[in-house]
Amino acid sequence: MEHIHMHGTYDTPLVIFSYIVAVVASYTVLDLVGRISTSIGARRWLWLLFGSGAMGMGIWSMHFVGMLAFSLPIPVAYNLIIVVVSVIAAIIGSFAALYIVGRNHLTLSQLIWAGIMLAIGIVAMHYVGMEAMLIGITYNYWYFALSVIIALVASIAALWIAFFFRRGGGIGVAWKKVGSGLIMGAAITGMHYVGMMAAEFHVDETLQSSAGIVLNQSFLGYFISGGTLFTLGISLLGIYLSNKMAVKDSEIEEKTQEIYKMNQELRELNGNLELLVKERTAQLEQAHDEAIQANMIKSQFLANMSHELRTPLNAIIGYSEMLVEEAEDLGEPVFVEDLEKIRNAGKHLLSLINDILDISKIEAGKMEVHPEKFGLTGLVQDVITTVKPLVDKNGNTLVTNLIDGEMTTDITKLRQILINLISNASKFTSNGTVTVDVYQEIRHSRAGYSFRITDTGIGMTTEQMGKLFQPFTQADASTTRKYGGTGLGLAISQSFCEFLGGVIEVDSEVGVGSIFTCWLPISLTEDISFEKYVDVQGHADKNGQVSILHIDDDPLNHQLMKHYVAKEQWTVSFASSGQEGLKLARKLRPQVICLDILMPSMDGWSVLSTLKNDPELQNIPVIIWSMVNDENLGYTLGASEYLTKPINRERLVHVLERYIPNRQQDSVLVVEDDEATSELMTRLLQKEGYAVEQAQNGLRALERVKETTPKLILLDLMMPEMDGFQFLEELRKTQEWLDIPIVVVTAKTLTGAERLKLNGYVESIVQKGTFEHKSLVGEIKRFIEKN
Amino acid sequence: MPNILLVEDNEMNRDMLSRRLTRKGFFVIVAEDGQKGIDLAIEQQPDLILMDLSLPVVDGWEATRQLKAMDTTKHIPIIVLTAHAMASDEAEAYQAGCDDFDTKPIVLERLLEKMNAALER
Chain A
1 MEHIHMHGTY
11 DTPLVIFSYI
21 VAVVASYTVL
31 DLVGRISTSI
41 GARRWLWLLF
51 GSGAMGMGIW
61 SMHFVGMLAF
71 SLPIPVAYNL
81 IIVVVSVIAA
91 IIGSFAALYI
101 VGRNHLTLSQ
111 LIWAGIMLAI
121 GIVAMHYVGM
131 EAMLIGITYN
141 YWYFALSVII
151 ALVASIAALW
161 IAFFFRRGGG
171 IGVAWKKVGS
181 GLIMGAAITG
191 MHYVGMMAAE
201 FHVDETLQSS
211 AGIVLNQSFL
221 GYFISGGTLF
231 TLGISLLGIY
241 LSNKMAVKDS
251 EIEEKTQEIY
261 KMNQELRELN
271 GNLELLVKER
281 TAQLEQAHDE
291 AIQANMIKSQ
301 FLANMSHELR
311 TPLNAIIGYS
321 EMLVEEAEDL
331 GEPVFVEDLE
341 KIRNAGKHLL
351 SLINDILDIS
361 KIEAGKMEVH
371 PEKFGLTGLV
381 QDVITTVKPL
391 VDKNGNTLVT
401 NLIDGEMTTD
411 ITKLRQILIN
421 LISNASKFTS
431 NGTVTVDVYQ
441 EIRHSRAGYS
451 FRITDTGIGM
461 TTEQMGKLFQ
471 PFTQADASTT
481 RKYGGTGLGL
491 AISQSFCEFL
501 GGVIEVDSEV
511 GVGSIFTCWL
521 PISLTEDISF
531 EKYVDVQGHA
541 DKNGQVSILH
551 IDDDPLNHQL
561 MKHYVAKEQW
571 TVSFASSGQE
581 GLKLARKLRP
591 QVICLDILMP
601 SMDGWSVLST
611 LKNDPELQNI
621 PVIIWSMVND
631 ENLGYTLGAS
641 EYLTKPINRE
651 RLVHVLERYI
661 PNRQQDSVLV
671 VEDDEATSEL
681 MTRLLQKEGY
691 AVEQAQNGLR
701 ALERVKETTP
711 KLILLDLMMP
721 EMDGFQFLEE
731 LRKTQEWLDI
741 PIVVVTAKTL
751 TGAERLKLNG
761 YVESIVQKGT
771 FEHKSLVGEI
781 KRFIEKN
Chain B
1 MPNILLVEDN
11 EMNRDMLSRR
21 LTRKGFFVIV
31 AEDGQKGIDL
41 AIEQQPDLIL
51 MDLSLPVVDG
61 WEATRQLKAM
71 DTTKHIPIIV
81 LTAHAMASDE
91 AEAYQAGCDD
101 FDTKPIVLER
111 LLEKMNAALE
121 R
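Chains A and B, in that order, are what the protein sequence lines are.
Take the first sequence: its position 507, counted from the start at 1, is 507 in UniProt numbering, and no numbers get skipped.
Take the second sequence: its position 29, counted from the start at 1, is 29 in UniProt numbering, and no numbers get skipped.
Do not rely on the hints blindly, as some may be mistaken.
[Said to hold, decoys possible] Pairwise CB distance ranges, derived in the manner of DEER restraints:
hint, chain 1, residue 1, chain 2, residue 2, range
1, B, Val107, A, Thr708, 40 to 46 angstroms
2, B, Val107, A, Ile647, 49 to 55 angstroms
3, B, Val107, A, His773, 55 to 61 angstroms
4, A, Glu285, B, Asp71, 56 to 62 angstroms
5, A, Gln686, B, Tyr94, 45 to 51 angstroms
[Claimed, not checked] Here are the simulated EDC-like cross-link-like pairs (lysine to aspartate or glutamate), alpha carbons at most 20 angstroms apart as the crow flies:
hint, chain 1, residue 1, chain 2, residue 2
6, A, Lys583, A, Glu616
7, B, Lys24, A, Glu328
8, A, Lys366, B, Glu109
9, A, Lys347, B, Glu92
10, B, Lys24, A, Asp329
11, A, Lys366, B, Glu90
12, A, Lys347, B, Glu109
13, A, Lys711, A, Glu754
14, A, Lys373, A, Glu363
15, A, Lys562, A, Glu657
16, B, Lys24, A, Glu505
17, A, Lys467, A, Glu441
18, B, Lys24, A, Glu325
Derived by calculation from the structure, the hints in this document are not laboratory data.
Here the structure is a predicted model, which means the values were calculated and not measured.
Glycine included, C-beta positions come from ideal geometry on N, C-alpha and C.
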């Protein structure tokens, strides 16, 4: 075997170029390390591949450029497979190194490991690459070891620098990267050329014969250019992408800064605003306190002042009164007339001062309430006596519809309210009618009385009504000139009324008249709930029957209903919610229920279906009176009538009339020999509004039937003189009496034969002692209404 | 002829009421403050006292209390007259021991009724 030892020479420009390639590759990789560390998931892997590819190719390119720079005196063939393996070794080494360095935290051992990996990669690449040369190479061990150490130290240093610069950031980072790129490039090239120094080439004939490719300079040129271009391309791509990302990052950063700033400003503004609001609130509070204080002082002043005014006024009225008497005694009619004028003017002034005193007391919070128990009739008579002269003065007629009853409230204030309302009505009405109605009314489940004063006077517009109860306000300024008064009367009355737990309402139409309704609870001292009231009184009105229960949440509709049925002899109870309506329906058993649909919390449909599913209530006819037009649903749920708002009075009354039978025309004949039982039945039926006739036996009963044909007969069977069976036989003889429904009420246990006898002639058989009053009354009602 | 003591500081009211009562057939003596009222009541032993409340020297409440505390005068009915319209005044007046209470301005018929009722007792 012949060994030819050779020494190559270097082409200086190519050596420099190899260094540049190494630097560019290093720089790219160092730049990419940052990207790797900040990315996660698939992107991280992508960056890793890019990085390791670029670095591996860079190292490899450098190596081959270095090899190109080195020329041996003979052509050298390369084993392509080994060349590829050397590239892969470089890439793997780079990948491992980058994988370790790409972490956010780096320990010394990790750094060393990464360096070792990179060094192994570089060294492996270099020597595998050398091995690809189909030429005999022997290595100088010292130089080999030196090249390995250079690779290791340079790798660790470069990676440390890369990691360090990534963390450092800030100004000059680009220069630092360039610096580290230079160092790393130097390391790679340094290693390469030291490695080359370690090699000693000699021609080995045997090896050369094997199938190798002799790479000529042009092929190598392509090859290297390709590798270099690839490296540069990767670098450029990486730099481009990272710049783009950086731009995006900086944009995001900028935006974040902006948002933060705005946030800060907003917070500041908010703080300022809060402060402002606080200040303003404090100011307002102070102003409010001051206003209240001022108002109290004003009221106190007025109270004192009116007191001071009353003393001289006293003298004026007193002296004029005295002089009237004296003038009468002296026979001086002219003086009497003038003195009367002085006295009347004084009295008028006094009433004004009294009003001011009242309103001042109200505003100063010094109004006191002294409840006492009294009868309504006495009170109203008393009031009417006082106001009669005023009513007469304008040629008005006074009509009163009263019920008697007792109430516990401040009678002085109620009297003043009524006097005020009636004198107002008289003042604004000439040659008309002033009507005073007193009736019971339940409001918000509280028993009470309503005092309604209706006039046929000038009336008011809605606007005028709006400010009616404000102190010192009359319907308009001209009213004061024409009708006099301070405009305090209604304000005082309303305040009094509120003190007494009630309210004054007004309804008016220009040119038609006004209706003022003052409602007060029955007792000021104890809260008599409606339930308690019903228990005490037994019934909601004197006749024992509530005609209409109106369930509607809008008080205006209650007013309307009241207004519409005012002329009828019906009693109306009002409920302002579905729940209250159901409660009242159970308590009152009204003859008919008027139901609104649109109500909060429980609508009319629910009320209707509850009513119709309650065996005790389902017989009460329900008239829907609503804006909602859904007749089908209404009738399906069991409504008797469906009226859509608006509706005129005649139509409403007409419909109601159908469901409110006048039971006074329905007489029931009670045939019963036991006086106690007869009395009980009679009372029960009377309570329901029926006219009742009594008969002690069959004979008497026949006489009664002859006099007036009853609508129904309640019949006992065991009676002296003529028993029930005989009576039935007699009754059947007359054709027109055949249709009278008969309900047998007996203590007797009927035999089959007896039952047979009764069959077909009586509507129902009720066992004494077992029946319930309510169900008996219900049956009676049903039979009567059927006929 | 019933003997009436009118205790009233306001000159006009005093003059007016005394003249009107005189015309109605009463014998009226007057005092312009509470102390004089007490003194005159002890001295003159009137059948009835009409007492204003806001009086100088000794006010009406105090005068009433003193008169009702003395054996020599406690039997004399006292009607308190006041321009105060507050209900608490009335309560206070009764507490002081007055027999009846009337508010100014005087309605002569009403006052006469009260006076006659007090005199009949």
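Status of the hints after comparison with the structure:
1. B/Val107 with A/Thr708: 40 to 46 angstroms: violated, 59 angstroms
2. B/Val107 with A/Ile647: 49 to 55 angstroms: holds, 53 angstroms
3. B/Val107 with A/His773: 55 to 61 angstroms: holds, 57 angstroms
4. A/Glu285 with B/Asp71: 56 to 62 angstroms: Given a distance of about 60 angstroms, which is inside 56 to 62 angstroms, the answer is holds.
5. A/Gln686 with B/Tyr94: 45 to 51 angstroms: holds, 49 angstroms
6. A/Lys583 with A/Glu616: Roughly 12 angstroms separates the two Cα atoms, so the pair holds.
7. B/Lys24 with A/Glu328: Distance ~14 angstroms between B/Lys24 and A/Glu328 Cα, so the pair holds.
8. A/Lys366 with B/Glu109: Violated, at about 30 angstroms.
9. A/Lys347 with B/Glu92: violated, 28 angstroms
10. B/Lys24 with A/Asp329: holds, 13 angstroms
11. A/Lys366 with B/Glu90: OK: A/Lys366 and B/Glu90 at ~15 angstroms, within 20 angstroms.
12. A/Lys347 with B/Glu109: With Cα atoms ~16 angstroms apart, A/Lys347 and B/Glu109 stay inside 20 angstroms; holds.
13. A/Lys711 with A/Glu754: Outside the cut-off at roughly 25 angstroms; violated.
14. A/Lys373 with A/Glu363: violated, 27 angstroms
15. A/Lys562 with A/Glu657: Holds. A/Lys562 to A/Glu657 sits at ~15 angstroms (cutoff 20 angstroms).
16. B/Lys24 with A/Glu505: Violated. B/Lys24 to A/Glu505 sits at ~47 angstroms, over the 20 angstroms cutoff.
17. A/Lys467 with A/Glu441: Outside the cut-off at roughly 26 angstroms; violated.
18. B/Lys24 with A/Glu325: Judged against 20 angstroms, a Cα distance of about 11 angstroms means the pair holds.
In this structure, the hints that do not hold are numbers 1, 8, 9, 13, 14, 16 and 17, in rising order.
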